[in-house]
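Could you put the whole structure together from the sequences, leaning on the hints where they help?
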Amino acid sequence: YTMQRVYPIGRIFVAPWYTLWLRKMKGMENLPKPPFIIASNHASYYETMLYHCTISLKLETKIHALVNGNYWRYLIPRIVLNSTDQIPIDVSKTKKSIKNNEKALEKAAKYLKKGDIILIFPEGHRSKDGNLQKAKTGVARLALLSKAPVVPIGVKNSEKVMPRGSLIPRFARCDVKIGKSLIFNNDKSLEEITRKIMNSIAKLVDKKYPY
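To convert a position in the sequence shown, counted from 1, into this note's numbering, add 471.
Careful, some of the hints might be misleading.
Okay, derived cross-link-like pairs now, DSSO-like style, lysine-lysine, Cα gap no bigger than 30 Å in a straight line [said to hold, decoys possible]:
(1) Lys581 / Lys651
(2) Lys618 / Lys659
(3) Lys651 / Lys495
(4) Lys578 / Lys564
(5) Lys627 / Lys529
(6) Lys504 / Lys564
(7) Lys504 / Lys651
Label-pair distances were calculated between CB atoms; the ranges are [to be verified]:
(8) Lys678 / Lys570: 31 to 37 Å
(9) Ser563 / Leu661: 20 to 26 Å
(10) Ser637 / Lys495: 20 to 26 Å
(11) Lys678 / Leu638: 23 to 29 Å
To be clear, the hints were calculated from the coordinates, so they are not data collected in a lab.
No experiment lies behind these values; they were computed from the predicted model shown.
Ideal placement from N, C-alpha and C gives every residue a C-beta, glycine not left out.
Spelled out as structure tokens, the structure:
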């Protein structure tokens, strides 16, 4: 399918407006042919649609993000998330959440098998100060489950575009660097794989990952 069918409204109305806050995106040549997993740092709300408005349109491939399931509680976000086939993650930290999130990763793996792209923010939540937070192992689990390559992407200054608590973009612009894809097998632990991905992101944003 083409992006005109996938995001017809987004291509015309959202992407041109959204990318006004993007100064430059380097490393597009590092993107492999889909399917692959995008692993990005997460310092502001700005990243949530950034890749849908850039990489998705460039490759004409749908992106499915793993998203905090609490957003499905609200009508408009629920309509948007369901209509674009995003994947809810259960953040309740209960016994049931483990099973729910296993199903979410299985669903993500099915989308990858179809040839789509999965977006994960390994930190699981937005950084309070722009520094990298300790990542969860979901990205490593999906990489091993799907055998899909992981593309590390670093975004600099997005916390200046939309600081925590802000719903309206400020007069600032961010920069994006796309790293070379990483392929993993079962000879490394989930923690080792997660650390390697996060260290790759850290280099792209000139920060350290101390975990």
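Evaluated hints:
1. Lys581 / Lys651: OK: Lys581 and Lys651 at ~23 Å, within 30 Å.
2. Lys618 / Lys659: The given pair, whose Cα atoms are some 13 Å apart, holds under the 30 Å limit.
3. Lys651 / Lys495: With a Cα-Cα distance of about 17 Å, the restraint between Lys651 and Lys495 holds, given a limit of 30 Å.
4. Lys578 / Lys564: holds, 20 Å
5. Lys627 / Lys529: Status holds; Cα separation ~21 Å.
6. Lys504 / Lys564: violated, 35 Å
7. Lys504 / Lys651: holds, 12 Å
8. Lys678 / Lys570: 31 to 37 Å: holds, 34 Å
9. Ser563 / Leu661: 20 to 26 Å: About 21 Å separates the Cβ atoms of Ser563 and Leu661, which means 20 to 26 Å holds.
10. Ser637 / Lys495: 20 to 26 Å: holds, 23 Å
11. Lys678 / Leu638: 23 to 29 Å: This hint holds: roughly 26 Å between Cβ atoms.
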